[in-house]
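J.: Take a look at the letters that make up each chain.
2 protein chains.
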Amino acid sequence: MSTIKEIAKSAGVSPTTVANVIHGNFGRVSQATRERVERVIAEEKYAPNMGAKILAQSSSRIIGVIMFMEPRWEESVLEDPFSSAILGAMERDIRDNGYFVMLHTTSDEDEVLRLSKAWKLAGLILVWVPGDVCRVIYDTIETPVVFIDSYFSDRDHVYYNVGLQDERGGYLITRYLLSMGHRNMLFLANTSLFTGGDDARFKGCQRAFLENNLVLSDACYHALDREKKVREKFYLSCTDSSNPCTALVFSSDYYAAEAVSTFQDHGIDVPSQISVTGFDDNLFSRLVRPRLTTVHQNASEKGRIAVSMLMRLINKKSVSPPDVRLDVHVVVRDSVKKLEHNGS
Amino acid sequence: MSTIKEIAKSAGVSPTTVANVIHGNFGRVSQATRERVERVIAEEKYAPNMGAKILAQSSSRIIGVIMFMEPRWEESVLEDPFSSAILGAMERDIRDNGYFVMLHTTSDEDEVLRLSKAWKLAGLILVWVPGDVCRVIYDTIETPVVFIDSYFSDRDHVYYNVGLQDERGGYLITRYLLSMGHRNMLFLANTSLFTGGDDARFKGCQRAFLENNLVLSDACYHALDREKKVREKFYLSCTDSSNPCTALVFSSDYYAAEAVSTFQDHGIDVPSQISVTGFDDNLFSRLVRPRLTTVHQNASEKGRIAVSMLMRLINKKSVSPPDVRLDVHVVVRDSVKKLEHNGS
DNA sequence: CTGTTAGCGCATTCAA
DNA sequence: TTGAATGCGCTAACAG
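If you read the protein sequences in the order shown, they are chains A and B. Numbering follows my numbering, with no gaps: position 12 of the first sequence is -8. Numbering follows my numbering, with no gaps: position 117 of the second sequence is 97.
Because the hints were derived from the structure by calculation, they are not lab data. Misleading hints may appear alongside valid ones.
Intra- or inter-copy, both count: the list cannot distinguish identical chains.
Heads up, simulated DSBU-like pairs for lysine-lysine below, C-alpha to C-alpha not over 35 Å straight-line [unchecked claim]:
#1 K183 to K208
#2 K183 to K213
#3 K213 to K(-11)
#4 K25 to K318
#5 K296 to K25
#6 K183 to K209
#7 K317 to K183
#8 K213 to K318
#9 K183 to K318
#10 K183 to K(-11)
#11 K25 to K(-11)
Construct the complete structure from the given sequences, taking the supplied hints into account.
T.: See the structure below:
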């Protein structure tokens, strides 16, 4: 329980001198006393009382990392490598910057506000935040905030966000599918609630169609159910002879892999009977057979950029641009068939 | 920035009264003032200053969740669903108990001690801790500690730990392989550093051999390299005609799936040319083809039990037994071939 | 270069 | 049933 006062007594100096040594104000301390104090600090394994620090500075060294999620999320979705990759990258960089990570999942903006106030958070990283919530948070919170993969419903504020070229991702994968002769496809969104990224990707799909003087109707957007059974039933229905669909465009490798796996279990061959594409280019896309043709994104980099933006904001350095959109590209593997005579 | 003092002024009472309302000491507050104070608290969106709280009580509401890992871990390993499943489960339960999660990864015990002191942690959950480190931590730290998947090098202390029947898992899967006619197998450990769980599993393998009057030599234990390329080369070397090995017993689905995938890429059929088993029964084992025969464990439950143990320790309730070992069982799928004429 | 001091917001003890 | 006073350990402004 060593405190600054005790260190001071042991070293025979005043608390202020100890504080100066700790804070690196070496101009105000003689070499000799500095070394003496440092030795005592090391001996006693001094660790500052963060509570007292927060109280005195009304600001902590804690970064709140908050994952927004649907209230009743199944655990299985947490197994998505995306969240752990991004979290792992952020934790490391936050730690390297001398800050601490407070991890929290919620779908309630008030909880974020409370957390920020109670702990005097130095900054916040918010992942997957619905547009309307972003606004509330931005209007209320005083500390720096960086969003990840969020879409905003207003243009009144400058939001700092690290996202993806979602629209372009949808566009590129669709252009590829069109080049392979596919005309009837279904877009399969990850969730029915926070649709920012999914919407943008679908818009990209539609743009690719338009560019070819074709139309991808809004009806081709399908939000996947939260129940695995329901999803599997849906996958299978896409291969009915009555269904003209030749390609399923997933908004995540996770569900794409699930679909491929389901098809295999029912003797439906991918891609000869139906083509499938993913989104993310994570482990899953390389593990399933056929391996997924997918859109690449670098999850860890998202985390790293978000942390570096936040650190610049905390240190009041300039940040530009506020809205980073990471590049995407198509990774062609084996899950799409070349159609000789065009469908439709 | 509303403080208790301000709330008190708004409500026309003393700070002490406000504190009594907040802490539920309703016996010391009249119904009327209680309601008035509660209304003001809600209006002002009062959130207590946790720094002041820590200082006053010299204890915080923070649970430190610390994942031990090898210093230069590759990000790809973080994509292992195990860590996110367990983390997700713990975060939720900790939050439900009114505590906060401070997430940290390290391989240095001093960092744990510093963290605990600095933040006056209410409790610690330590994942994958090497035996010698456990001892140091236990000897130094005053707050409750629950370990997950840790093995201890001494029996002097009572360690609270949530683990797995690792030995039994190794035993069961090996017994199964023996029953399928396999006699030449290799055990593939996840890491070369923290070997507690891997060692126990391998011991289980050896016991199964002994039970059949056979011997599995120590040379059959192989720690996988951290480099993917090196691992892949190794997988392939197991199928050399010079290599009598008929089955690879992995200590995780992750690497087993990687191996299966590698074999497929090189035209080696699993299980007809070589059998593979996993450990964990996570998503990967169901996604690869052939699907993995593996040992089931429930990662989320580990997290939940650890949190509930920790909460009982914090609240000074009895905890029994200190060392929980979750049950395991073999899940038979398609990655093991029945050998008609025994090898060896 | 070194020491003294006030105050951050809360819990808690004691007094009314 | 309510209020006043103290101290937790640190920072930062100021005095020596």
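J.: Taking the hints in turn, state whether each one holds.
T.: Hints, verified against the model:
1. K183 to K208: within (26 Å within a copy, 37 Å between copies)
2. K183 to K213: Within. Shortest intra-copy distance 26 Å satisfies the 35 Å Cα cut-off; inter-copy 43 Å does not.
3. K213 to K(-11): So K213 and K(-11) fail the 35 Å test inside a copy (73 Å) and across (61 Å) alike.
4. K25 to K318: Neither. Shortest intra-copy (66 Å) and inter-copy (60 Å) distances fail the 35 Å Cα cut-off.
5. K296 to K25: both (32 Å within a copy, 28 Å between copies)
6. K183 to K209: within (28 Å within a copy, 39 Å between copies)
7. K317 to K183: within (23 Å within a copy, 48 Å between copies)
8. K213 to K318: Both: 26 Å inside a chain and 33 Å across chains, each within 35 Å.
9. K183 to K318: within (24 Å within a copy, 51 Å between copies)
10. K183 to K(-11): neither (68 Å within a copy, 55 Å between copies)
11. K25 to K(-11): within (15 Å within a copy, 42 Å between copies)
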